[in-house]
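Protein chains in written order, with the working numbering: chain A, 1 to 317; chain B, 318 to 712.
Incorrect hints may have been included.
[Unchecked claim] Covered, in the sense of this in silico footprint (three residues per stretch, anywhere, with C-beta under 8 Å from a C-beta of chain A), are these stretches of chain B: (1) 342 to 348; (2) 553 to 567; (3) 600 to 611.
[As the list claims (entries may be wrong)] Just a few of them, taken from the derived set where beta-carbon distance is under 10 Å, the chain B residues facing chain A: (4) R319; (5) I323; (6) W325; (7) K326; (8) F490.
The set of hints was computed from the structure by calculation and includes no laboratory data.
The C-beta atom is built at its ideal place from N, Cα and C for all residues, glycine as well.
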Amino acid sequence: MAREPVILVRDLVKRFDSMTAVDHVSFEVERGEIFGLLGPNGAGKTTTISVLSCLTPPTSGEARVCGMDVTKDSLGARSRIGVVPQEVALYPSLSARENLAFWGRMYGVPERELRERIDGILETVQLASRASDRIDTFSGGMKRRVNIAAGLLHRPDVLFLDEPTVGIDPQTRRNILELVLSLNADGLTVLYTTHYLEEAEFLCQRIGIMDEGRMIAVGTRRELTESIGATQVIRVVADGLDADAATWFKDSPDIDEASVIEGKISIHARVGANLLPTVVSRLSSSGASIHSVEVDDPNLESVFLHLTGKSLRENDQ
Amino acid sequence: MRAHYIGWKDLRIRLRDRNTLVLMLLLPVALTAIIGFAFGGDSGISTVEFLVAGTEEDDLISQAAAGLGSGSEMFQAEPATESAAREAVAAGEKPAAVILPEDLTETVIEGRRAEVVVLSDPASRIKSGIVRELAERFVARLNAGSILSRGVFETLAEERGLSEAEQRRLGGFLFGWARDALEEPRLTVEQRQAERQEIDVRAYFAPSFAVMFLLFTMLTSAKTIHEEREAGTYSRLMTAPVARTTFVGGKLLGSYLLASIQILLLVLLSSLLFGIRWGSSPIAVVAMSLATAAGASSLALLIASLTRTSRQTDNVGTAFVLIMSLLGGSMWPIEQAPEGFRSAARFTFNYWAHSGFKELVFNDAGLAGIWQELVVILGMSAVAFVLAATLLVRR
Ligand SMILES: Nc1ncnc2c1ncn2[C@@H]1O[C@H](COP(=O)(O)OP(=O)(O)OP(=O)(O)O)[C@@H](O)[C@H]1O
Ligand SMILES: [Mg+2]
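Work out the full structure, taking the sequences as your base and the hints as a guide.
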């Protein structure tokens, strides 16, 4: 028997009255993967996760978790998933340990293992020293970490993380991303939603890009960028650049596009890094003095832009 | 079923919340104490002192004073001169003084019109009112004596044609009789209130406030159903393998535990602090308390199930509790209300809860004496719970 994917979504539709939040979405997540759902606000990411975590029934289509249908075997599916909601969902006047004990019991963690598992998970999220403090004395980042820990106690097959880094400082964000990576390294399958493309690029082996309820592309980062023929970008900051420089680069066969804006030249090329020596020597010989050079890999921003005609970043904040 | 974990968690959160503790215990106890002070709890009205003034000889005034006080130890009347009496009342030293008319004895015998004046200190209305009433009773007695003596005197004088000497002897006899009448009435109405064992207002209000605040506490407990939705913990529970019935069961359990703790603590505190005796049967008190806790927790759950947000539960619930408390007599002695009102009160939870506790406090009714209340309260609880659970699980 072929191994079934941990998550299987086929032709999923979810309507709220006349509003279609999820529109014929299909994707699969393999065991051991970090799969990212990337999309702007209102794309349908949370709704997709809600259907998968049995919070709301699908209007049509199929959604299976660990081989169990979310509508037909809701209790079975729920016992195999860990859900970390977008907002911190803990009891503020209970301590970290008390919260974890409660959520552990809700997931049916055996009483004799509970203590050990809580200690372990507190270690993992680096909060062992604050175990007995009330949640309402924690910083935002600490609360988020306990929030994640509460979804892990029962050792789920798959963890749903819904925008766990929204509205927190860069330090805590790093912390959480590294936590997710280390959990994944231990074999945990993760479904991660975000509207930060850097996070998706950093974490996810495969990414589904969503917009307005539809899944517009699925694949590895490389597959996605290659599918639209996206290019690397060489950016050079230099004195004495003129419009002629751009014209020269544009005529070169390996270069798709070049432009000069305010003392900075941007060169788009499919094999950008290999062109670097040529670009630098050409600029030097034209009399420009170079301050800095950087090469940007093609990113999901370009993919999103290409597929939707809008920028992901417009929706930031 | 993991409902008990949910109930236990709720109880822990509630007991850790200072506001809940204030609402649960401090407020009802404080209100009971304040009511006790306001209505003079133990002090009651023990004695009424007043002065009696007139122009008669001193011993006659003393007799009148004794007569006014009708021999009760509660009333202490002292003779005084009219000017001293006026001064004492004006200075607030005595609540009232009775000024008898001139020639009181002759006035009585001859049946003349005269006035008894009661001077009263407006600051002590209740006591001066009592003195006024004493004076009225005294005057009524004198009037009766006066009419009687004139009748006797005139009839005898006319029909028998009494001689001068006989008339004088009869006058002397009547005079003596009238003096006696001043001192002590032959025929008295004995005022005996049925088993008047010093009603302590606190014993009345302690159970009332306990029931009212039990309902308030239960509202704060029941509204956590909405608070959990609003805080996202409900959604999280629903992504765990937890059935909705487990959630509702846990909520009721947590509420019920809290209610039982509150009512039992209030019973205990009121007997320690105010010396209220809740009857001689501990089983009856505990049964009554647990039934009341069941009623309050399921009623509050019903209110939560009929509203959509924690705010609504608060607002609707508070109005509901206040109306039931007013109607059911948690805020005033409903025994004094007209019959129609009292039959309406029978539809409230508060009425039956008080009724049960009052049977225990004032009549030491025991378990057998409160079975009716227990049945009604448990019936109300069952109906409220089934309704609430159905609504909540369907939602
Ligand atoms: N319970 C609901 N009732 C009606 N409309 C809903 C409901 N939940 C979501 N929607 C709508 O469905 C669409 C998708 O919402 P969803 O929360 O899934 O987006 P998202 O991708 O998670 O966005 P964000 O990044 O802002 O979290 C939105 O237009 C939203 O208004
Ligand atoms: Mg969302």
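Original post:
Going through the earlier hints one by one, which of them does the structure break, listed in rising order?
Top reply: The structure breaks hints 1, 3, 8; every other hint is satisfied.
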